[in-house]
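Asks: As a plain string of letters, each chain reads:
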Amino acid sequence: MSVAISIENVVKRFGKETVINGLSLEIKPGEFFTLLGPSGCGKTTLLRMIIGFNSIEGGQIKIDGKVINNIPTNKRNMGMVFQNYAIFPHMSVKDNIAFGLKNRKVPKAEIEKRVDEILKIVKIDHLKDRMPHKMSGGQQQRIALARAIVIHPEVLLMDEPLSNLDAKLRTEMRNAIKQIQQQVGITTVYVTHDQEEALAVSDRIAVMNGGVIQQIDTPKNIYQRPANTFVSTFIGLSNIMDGKLESNENGKALIRIGDYKFQMNNIKKDCGSNCPVKVSVRPEEFIINKETEEGIPVTVKSSVFLGVTTHYFVETKEGQEIEVIQSSDIGEIIPNGKKVHLKVQVQKINVFSEDGSRSFIDREVRP
Amino acid sequence: MNTAKKKLNIWLVLALAILALFLIFVVYPIGLILYKSILMEDGTISFSYFTKFFSKKFYWSTLVNSFKVTIASTLVSAVLGLIMAYLLRSIKIKGSKYLNILIVISYLSPPFIGAYAWVQLLGRNGVITRILNSVFNAKLGGIYGFAGIVLVFSLQSFPLVYMYVSGALKNLDNSLNEAAESLGCSTVQRVWKVIVPLITPTLLASSLLVFMRVFSDFGTPMLIGEGYKTFPVLLYSQFMGEVSTDAHYAAALCVIVIVITLVLFFLQKYIGNRLTYSMSALKPMEPQKVTGIRNVLAHGFVYLVVLAAILPQLTVITTSFLETRGASYTGQFTLQNYKNIIMPKNISTITNTYLFGLAAIILVVILGVLISYLTVRKRSFLTSILDTLTMFPYIIPGSVLGISFLYAFNKKPLLLSGTAIIVIISLCIRRMPYTIRSSTAIIGQISPSVEEAAISLGSTEVKTFVKITVPMMMAGVLSGAIMSWITLISELSSSIILYTSKTQTLTVAIYTEVIRSNFGNAAAYSTVLTITSVLSLLLFFKVSGSEDISV
Ligand SMILES: Nc1ncnc2c1ncn2[C@@H]1O[C@H](COP(=O)(O)OP(=O)(O)OP(=O)(O)O)[C@@H](O)[C@H]1O
Ligand SMILES: [Mg+2]
Chain X
43 MSVAISIENV VKRFGKETVI NGLSLEIKPG EFFTLLGPSG CGKTTLLRMI
93 IGFNSIEGGQ IKIDGKVINN IPTNKRNMGM VFQNYAIFPH MSVKDNIAFG
143 LKNRKVPKAE IEKRVDEILK IVKIDHLKDR MPHKMSGGQQ QRIALARAIV
193 IHPEVLLMDE PLSNLDAKLR TEMRNAIKQI QQQVGITTVY VTHDQEEALA
243 VSDRIAVMNG GVIQQIDTPK NIYQRPANTF VSTFIGLSNI MDGKLESNEN
293 GKALIRIGDY KFQMNNIKKD CGSNCPVKVS VRPEEFIINK ETEEGIPVTV
343 KSSVFLGVTT HYFVETKEGQ EIEVIQSSDI GEIIPNGKKV HLKVQVQKIN
393 VFSEDGSRSF IDREVRP
Chain E
3 MNTAKKKLNI WLVLALAILA LFLIFVVYPI GLILYKSILM EDGTISFSYF
53 TKFFSKKFYW STLVNSFKVT IASTLVSAVL GLIMAYLLRS IKIKGSKYLN
103 ILIVISYLSP PFIGAYAWVQ LLGRNGVITR ILNSVFNAKL GGIYGFAGIV
153 LVFSLQSFPL VYMYVSGALK NLDNSLNEAA ESLGCSTVQR VWKVIVPLIT
203 PTLLASSLLV FMRVFSDFGT PMLIGEGYKT FPVLLYSQFM GEVSTDAHYA
253 AALCVIVIVI TLVLFFLQKY IGNRLTYSMS ALKPMEPQKV TGIRNVLAHG
303 FVYLVVLAAI LPQLTVITTS FLETRGASYT GQFTLQNYKN IIMPKNISTI
353 TNTYLFGLAA IILVVILGVL ISYLTVRKRS FLTSILDTLT MFPYIIPGSV
403 LGISFLYAFN KKPLLLSGTA IIVIISLCIR RMPYTIRSST AIIGQISPSV
453 EEAAISLGST EVKTFVKITV PMMMAGVLSG AIMSWITLIS ELSSSIILYT
503 SKTQTLTVAI YTEVIRSNFG NAAAYSTVLT ITSVLSLLLF FKVSGSEDIS
553 V
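From first to last, the protein sequence lines stand for chains X and E. Under my numbering, the first residue of the first sequence carries the number 43, and numbering increases by one thereafter. Under my numbering, the first residue of the second sequence carries the number 3, and numbering increases by one thereafter.
Quick caveat, the hints were computed from the structure, so don't treat them as lab data. The hints are all genuine.
Quick list of simulated restraints, FRET-style, between CB atoms:
| # | chain 1 | residue 1 | chain 2 | residue 2 | range |
| --- | --- | --- | --- | --- | --- |
| 1 | E | K172 | X | S344 | 46 to 56 Å |
| 2 | X | K155 | E | K94 | 51 to 61 Å |
| 3 | X | S48 | E | K172 | 53 to 63 Å |
| 4 | X | F355 | E | W194 | 49 to 59 Å |
| 5 | X | K150 | E | T390 | 46 to 56 Å |
| 6 | X | A209 | E | I533 | 53 to 63 Å |
Result set (DSS-like, lysine-lysine): computed pairs, CA atoms no more than 27 Å apart in a straight line:
| # | chain 1 | residue 1 | chain 2 | residue 2 |
| --- | --- | --- | --- | --- |
| 7 | E | K469 | X | K136 |
| 8 | E | K465 | X | K147 |
| 9 | E | K380 | X | K117 |
| 10 | X | K210 | X | K170 |
| 11 | X | K117 | E | K469 |
| 12 | E | K469 | X | K170 |
| 13 | X | K136 | X | K117 |
| 14 | E | K469 | X | K144 |
| 15 | E | K94 | E | K195 |
| 16 | X | K155 | E | K469 |
| 17 | E | K469 | X | K150 |
Using N, Cα and C, we set each Cβ at its ideal position, and we do this for glycine too.
Using the sequences and the hints, build the whole thing.
Replies: Rendered as structure tokens:
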């Protein structure tokens, strides 16, 4: 019963300014799909196009193959959870949740039943007759969620629903949301700029920047195999270093960073050889080599001990600052000013074209 | 798109209908005044009425007089209001809550009642004058003319400054004060260097409101001015006078007032936009306990000012129970005055006031909510015209509106003069800008996503407006409506021009009874008005749940 959403070449203009210019994506039935991107990249805009608050200046949006561009919002049968909850302050919890059902002329007894049901699912059944202003942020969030789900919408849309909550409640609520979504199985589009939240709840994530989709993938792939340097630096932390692809034959590629050379077996065949590349290494993908001269020579500038891990801030000869994370071992923390060498875990790192727009990693090959 | 278009049309139709109403009841009458002011009796167009005004000292001196009393009263009001607000916010004054209410009440009664009460106290035969004359064996002639007008206006208008400044002081974070103190500022320096600059915008804005109000008031100078003729008095006598009435000349005078208030309006807007700091106090100023002579002085000053402000009300209430013979009092207590005013032939005065006020409030609230919704949520070229147009009445003094209504609606098909409708509409229009402004502020505080949520839940736009937007606005609108009601029942300047014996209201009755020297009846009417205002004010406090008044 879940529906698929296809967004085909949609264009959004505000006056003369084009915010989204020909964006396409497919969302599968029942999927928890997240739009992730920096502030102002057009996430809210796209979401509001799906529900119909924003007009569509070009392209089309289809639900199960049916174009919905011209269907007014109140006929679209989509539920939305707003960042500020948008609870009706003059109605009790029950009336808030029943509002959509009344609009659909659902019989009274049925309304009662469905409201009670959903209140149990979002775990605020004891607050049924309370007025919203006497409730906490998390509880109001649950009303908003219940109110959107109770109408059995085809699509559930959420725009940064957790950003007004404190950190602990945020984690709790995101688990609740994920669980409820799975329970009712609605196709869900979720907007956030909190990457950890996105990684935690999503089936798939679309990373956006400047109105353009950078990558659509599972959380694991987004993190481990980013499609370009924007994604690799936006999601988590990546050190981007200039390198060179010296040769690439028989599935064995030779990469060089300064005087440090290493071999990789998962570089795409068509990347040429003897060309400059960007090597993207996450802090935890370095190996600090204190014994030999192998690796990128760096000087330790400072360090922070965080219990499970220790963070080192080091500098290369060229003056580039690099962050390195090591699991804390029982030995001494490397003192500031000490010269060490950095090696990389070749199976984990990513290599991009020189302009950072294209990944050279062949995902078909197991490194 | 079809259904979406249909919905849009409902708002479009509403906007057009409201626009039509404003064209008929605001633009047309005012346009007519403009036209009449330059139309000679022989049908030619010329500015000779304006030349006439500015070439004769008898005429233009009234304008000078008006500016003199207005500037003087505004200055006194500003100083009094500022000092009172600061004292009550910074020093613990016994009974300050009640003083606050008394100040508001003194503001809510029409200024001319103050004039007439002060004549009873300090006039030629005033109680206080007589006491002073017999004790000191003097021959004081009483307070009339310039001094009298300024006294009445100042005491009547400082509460406005007081309310605004007091509100601003409440939003002033005390840490600013403490910071200044820790930097070595003395108390006086602190007030002068920190507090005054921060509340200057509020002070200026409220002073300008006082200025506009005082400038166009005609009841006060009429009653206490004697030979001192101000511009509104000239206007009224040119229009209503028994000797020489000249409709076109009166129209020219109206145009002059409109121009002056227009300038003031833009000045106020400019100042309001330029100088407001947005502050919100985490830690508002707490009134401090002071001791010794400072405490005595502070209490003495505050109580004296409040007493002076409320004295007219007390006088009126007292005299309403005094027996009168002609214009003098016999010294006996009686209920005769009240019996007079509730006689069957007179009772309509009271019922009219309530009916007209209520009708106007209902109209003004419905229109105000609709207009502010249209201009905030349905921005378009049309609604922005509406936005500007609805602010128009703000700059048109009541007497001018009254006169323009009589000109515009005295023949068919719009024969309204003499009817209750014309009074109600004029009340409605006079209050419209205030209601729209407050409703706009209320809508501004409602997040659009609440309405969007309703729509996403399948509600239509109209249903969302009725079920979500309006109920959410209700509390704010209701308390605004009560304040409007209080100001409407004390309206005089347009009602005095539009009334007939059938549509007489309380203020008109008070005024005419005073003119006829029926002080007993006037006092009884005033008391009814005061009691109504006080009860409404208490209702306001209950509904709004706050003690802050915005007028
Ligand atoms: N109503 C509007 N009129 C004009 N420009 C708009 C409007 N709404 C959004 N924009 C512009 O569109 C761009 C995308 O805005 P959008 O709200 O979609 O960003 P977002 O990705 O949701 O950001 P955030 O994470 O801050 O919520 C921004 O540059 C914004 O200025
Ligand atoms: Mg957004």
